[in-house]
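Undergrad: One-letter residues, chain by chain:
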Amino acid sequence: MIYFDNSATTKPYLEVLATFRQVSERYYGNPSSIHRIGCDSERLLTQAKKQAAQLLNVEESEIIFTSGGTEGNNLAVKGIALQHQQRGKHIITTSIEHPSVKEACKSLESLGFNVTYLPVDQNGQVNVQDIADAITEDTILISVMHVNNELGTIQPIEEIGEIANKYPKLFFHVDYVQGLGKVPLDFNKAHIDLCTMSGHKIHGLNGTGMLYIKKGTSIFPLLHGGSQELSYRAGTENLAGSVSMVKALRIILDKQRTHHHHLQHLNGQLRSELRQIEGVYINSPEDAAPHILNISLPGFKPEVVIHALGERDIFVSTKSACSSKNAGESSVLEACNIGFKRSLSAIRISLSHHNTEEEVDTFVNVLKEVMNQLSEVMG
Amino acid sequence: MQYDHILIRYGEMSLKGKNKKYFVSKLFSNVQSKLKDYPHVKITKNHDRMYILLNGEQPEPIIELCKEIFGIQSMSLAIKVDNTEEAIKEAALYALTNPTNVQTFKISTKRVYKDFPIRSQEMNRILGGHLLTNTEKYTVDVHHPDLEINVEIRREGTFITSEKIKGAGGLPVGTTGKSLLLLSGGIDSPVAGYLTMKRGVELEAIHFHSPPYTSERAKQKVLDLAKKLTRYGRTVRVHIVPFTNLQQTLFRQIPEEYGMTLMRRLMMRISEQVAEKEGILSLTTGESLGQVASQTMESMNTINEVTNYPILRPLVAMDKVDIIDISKRIDTYDISIRPYEDCCTVFVPSQPKTKPNRKKVNELEKRLDFGSEYEETLNNIETIEFKHDKAADEEEFADLF
Chain Z
1 MIYFDNSATT
11 KPYLEVLATF
21 RQVSERYYGN
31 PSSIHRIGCD
41 SERLLTQAKK
51 QAAQLLNVEE
61 SEIIFTSGGT
71 EGNNLAVKGI
81 ALQHQQRGKH
91 IITTSIEHPS
101 VKEACKSLES
111 LGFNVTYLPV
121 DQNGQVNVQD
131 IADAITEDTI
141 LISVMHVNNE
151 LGTIQPIEEI
161 GEIANKYPKL
171 FFHVDYVQGL
181 GKVPLDFNKA
191 HIDLCTMSGH
201 KIHGLNGTGM
211 LYIKKGTSIF
221 PLLHGGSQEL
231 SYRAGTENLA
241 GSVSMVKALR
251 IILDKQRTHH
261 HHLQHLNGQL
271 RSELRQIEGV
281 YINSPEDAAP
291 HILNISLPGF
301 KPEVVIHALG
311 ERDIFVSTKS
321 ACSSKNAGES
331 SVLEACNIGF
341 KRSLSAIRIS
351 LSHHNTEEEV
361 DTFVNVLKEV
371 MNQLSEVMG
Chain Y
1 MQYDHILIRY
11 GEMSLKGKNK
21 KYFVSKLFSN
31 VQSKLKDYPH
41 VKITKNHDRM
51 YILLNGEQPE
61 PIIELCKEIF
71 GIQSMSLAIK
81 VDNTEEAIKE
91 AALYALTNPT
101 NVQTFKISTK
111 RVYKDFPIRS
121 QEMNRILGGH
131 LLTNTEKYTV
141 DVHHPDLEIN
151 VEIRREGTFI
161 TSEKIKGAGG
171 LPVGTTGKSL
181 LLLSGGIDSP
191 VAGYLTMKRG
201 VELEAIHFHS
211 PPYTSERAKQ
221 KVLDLAKKLT
231 RYGRTVRVHI
241 VPFTNLQQTL
251 FRQIPEEYGM
261 TLMRRLMMRI
271 SEQVAEKEGI
281 LSLTTGESLG
291 QVASQTMESM
301 NTINEVTNYP
311 ILRPLVAMDK
321 VDIIDISKRI
331 DTYDISIRPY
341 EDCCTVFVPS
351 QPKTKPNRKK
361 VNELEKRLDF
371 GSEYEETLNN
381 IETIEFKHDK
391 AADEEEFADL
401 F
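Chains Z and Y are the protein sequences, given in the same order.
Heads up: the first sequence runs through residues 1 to 379, numbered per the UniProt record's numbering.
Heads up: the second sequence runs through residues 1 to 401, numbered per the UniProt record's numbering.
Isolated chain Z (complex conformation) (with noise of 0.2 Å):
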């Protein structure tokens, strides 16, 4: 079995698994009760506080433990919006944003707010410059994703945070979810004041992520309730999730720096051994993040090529997976304006440091077996 889909989401690390069930077993008082079950629970929390801020190089009072991608995106945006819209109602953010990003950008729309979606070049990158002319005396938020998650096109976000920076009115997001562990990124030299993070992308599990809120930042929570997470989420902590995260985070850190090489190799060696290939395509630039890698294949069907591969035990993907149901053009690609044939049959490929050279061998053999199959019948 050859899993290239890592950016969907990938397979947790067992002592994450480990981590979780231990943490369920011992700790499973409630961290808010104030016996002696519920403080242990309390300090293995901000234990785990403690060690997020550590990795990421923040403060401990800065990371809120949340569900995941979906949930962080959707409270920095709509959060910031709701809590300083006296402020203004004006959003800047791009074409290419994740789904959590772009709808939670339309349902503020309906409430009144403006947002500015820039587009972005062939390469899916969104011009700095566009995002300074883009500001306007009623912007309250920037949010710009870091790397996208179906061209792995990495933004500029250091010059974008400079430029927000200079606005002291405004907040910018980035959402981290598809860099985390593979290309770094500095909150603070970058100038962010909300990252959204994902456990299920680093081996960590789903339903788990964080938000880093920038000290002084001051939200409109989603879920009201307990003062759980500085009152900006409510509900019960989920304990060993986020323990299980911070763990997957550390090894993701650690794997980020010994493996950093490999998986520059392997999206070479994929690159080079495509490119020999009549008929492919490679979307993603060639500075992109090393883990995904965008082809197209016109005049294929991608979800033909996706479900002929998967018979040979090679699973790969269409487009993001929270967009792929939607059949048709992927709205990024469009975005880069790279012609509708291309937009239309793209494939993406997303790998782990669990990927090995055998893999990428076999799976571009099976690919040509595939196109030559495929084209008799569709040619």
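By construction, these hints were calculated from the structure, which means they are not laboratory data.
Quantities reported herein were computed from a predicted structural model and do not represent experimental measurements.
Just to be clear, a hint being listed does not mean it is correct.
As the list claims (entries may be wrong) - With a straight-line cut-off of 30 Å between C-alpha atoms, the simulated DSBU-like cross-links for lysine-lysine are: (1) Y:K166 with Z:K189; (2) Y:K198 with Z:K50; (3) Y:K178 with Y:K34.
Stated by the list, open to error - In silico contact screen, one side only, chain Y against chain Z (beta carbon under 7 Å); selected entries: (4) F28; (5) V140; (6) F401.
Said to hold, decoys possible - Label pairs and their computed distance ranges (CB to CB): (7) Y:N55 with Z:Q22: 33 to 39 Å; (8) Z:N57 with Y:Q2: 49 to 55 Å; (9) Z:R87 with Y:D146: 37 to 43 Å; (10) Z:H224 with Y:R358: 53 to 59 Å; (11) Z:R36 with Y:K320: 31 to 37 Å; (12) Z:I34 with Y:R358: 39 to 45 Å; (13) Y:S120 with Z:D130: 57 to 63 Å; (14) Y:N379 with Z:Q22: 47 to 53 Å; (15) Z:I34 with Y:D369: 31 to 37 Å.
Glycine residues also receive a C-beta, built at the ideal position from the N, C-alpha and C atoms.
Given chain Z's structure and the hints, the job is docking chain Y onto it.
TA: Chain Y in isolation, oriented as in the chain Z frame:
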């Protein structure tokens, strides 16, 4: 070429005459223990400088850690080169061109090693000339330079340093003995502990715990504070006194308004006994004159009567806002404001005596009868030790992360 050393300048202890050797070796072991997580660095000392050889480690995090060590006056990044004119020239050029935003400079040579053939003034001229001929945008300004390049020629080599980074000052923890800190969990006592440590004092702490009137979390708060203080001293031991029975008996037998004064006297007595047992020669409190009922002149007079141990009160003349500033800086504020009651707030009378009278208090105290409770309390003190390199929670939860 790059900065490969951190040079450490000693604080006041350079004045301590014969004791200096002891101060230096204490500082040395404090630095060693602080930098335990950096096994590659090598630390050396002599009578007026300490050097951290980085061996490839990044200097920034190490400097941050060193800023928490008392006894360090200032630090500088340094390059060590052989005692040859060429090598010194090259290093000086690096020191000048490495930082940004520098336009004017000054060279200050110190020739500690008199066998080096070129005299200081001469060396200044040679180096200045070298820098000016090999660069374009810089000029010399001996009065207000953007950058002062220090060249110290010593027997073991020449150190070229620039910018001075301020250290924590004070004296190395452990050089001036031990004190027992009365740690309540509030904002003041950890700050008092910190300031005492700054004068080289090693701390132990004592906390009065009154379950079920005070919660597990109130105790946890104190332990977390003690843990924070280990950043400045290597080890902090906390003595937890099970205070419930004594407190209940006291408040049953004494008119309510005198309860606070007598309770404080009791705490002082127990603290003195713990100090004596541990070989500690003084007590430290976070008292600040006039803050609360127990900190009036009359209260201090009456409470202090029960012990002749010196009581260090580093906050006595400080304003609350200044105390809060320090507590924020040393990261204890957020812990201190956690809303759990301690033994002093649980039993606080609605109208405590702010001007207790010694005579009256002594009479009341004579009538008090604790039976065997006093001895039992002393026998049941729990002692927990924190070390800065091993926070207990990290140990306890280590396998989960």
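Undergrad: Does F401 of chain Y pass the interface check with chain Z, least Cβ-Cβ distance below 7 Å?
TA: Result: holds, 5 Å to nearest chain Z Cβ.
Undergrad: Does V140 of chain Y hold up as a contact with chain Z if the rule is Cβ-Cβ below 7 Å?
TA: Not OK, violated: V140 of chain Y not within 7 Å of chain Z, min 34 Å.
Undergrad: Below or equal to 30 Å on CA atoms is what counts here, so check K178 of chain Y against K34 of chain Y.
TA: Status holds; Cα separation ~20 Å.
Undergrad: If you check the beta carbons of H224 of chain Z and R358 of chain Y, does the distance land in 53 to 59 Å?
TA: Holds - the Cβ-Cβ distance for H224 of chain Z and R358 of chain Y, about 55 Å, lies within 53 to 59 Å.
Undergrad: Starting from the hint 31 to 37 Å, judge whether the C-beta atoms of I34 of chain Z and D369 of chain Y obey it.
TA: For I34 of chain Z and D369 of chain Y the Cβ distance comes to about 34 Å; the hint holds.
Undergrad: I want to verify a distance hint. Is the separation of the beta carbons of R87 of chain Z and D146 of chain Y within 37 to 43 Å?
TA: About 40 Å separates the Cβ atoms of R87 of chain Z and D146 of chain Y, which means 37 to 43 Å holds.
Undergrad: Can you let me know if the beta-carbon spacing of S120 of chain Y and D130 of chain Z is within 57 to 63 Å?
TA: The hinted range 57 to 63 Å holds for S120 of chain Y and D130 of chain Z, with Cβ atoms some 58 Å apart.
Undergrad: For the pair N55 of chain Y and Q22 of chain Z, does the Cβ-Cβ distance stay inside 33 to 39 Å?
TA: 38 Å, holds
Undergrad: Within 49 to 55 Å: is that where the Cβ-Cβ distance between N57 of chain Z and Q2 of chain Y falls?
TA: 22 Å, violated
Undergrad: Using the nearest Cβ pair, does F28 of chain Y come within less than 7 Å of chain Z?
TA: Status violated, d = 27 Å.
Undergrad: Would you say the C-beta atoms of N379 of chain Y and Q22 of chain Z sit inside 47 to 53 Å of each other?
TA: 37 Å, violated
Undergrad: Are K198 of chain Y and K50 of chain Z close enough, with their CA atoms no more than 30 Å apart?
TA: 26 Å, holds
In terms of the numbered hints stated before, the structure departs from hints 4, 5, 8 and 14, listed from lowest to highest.
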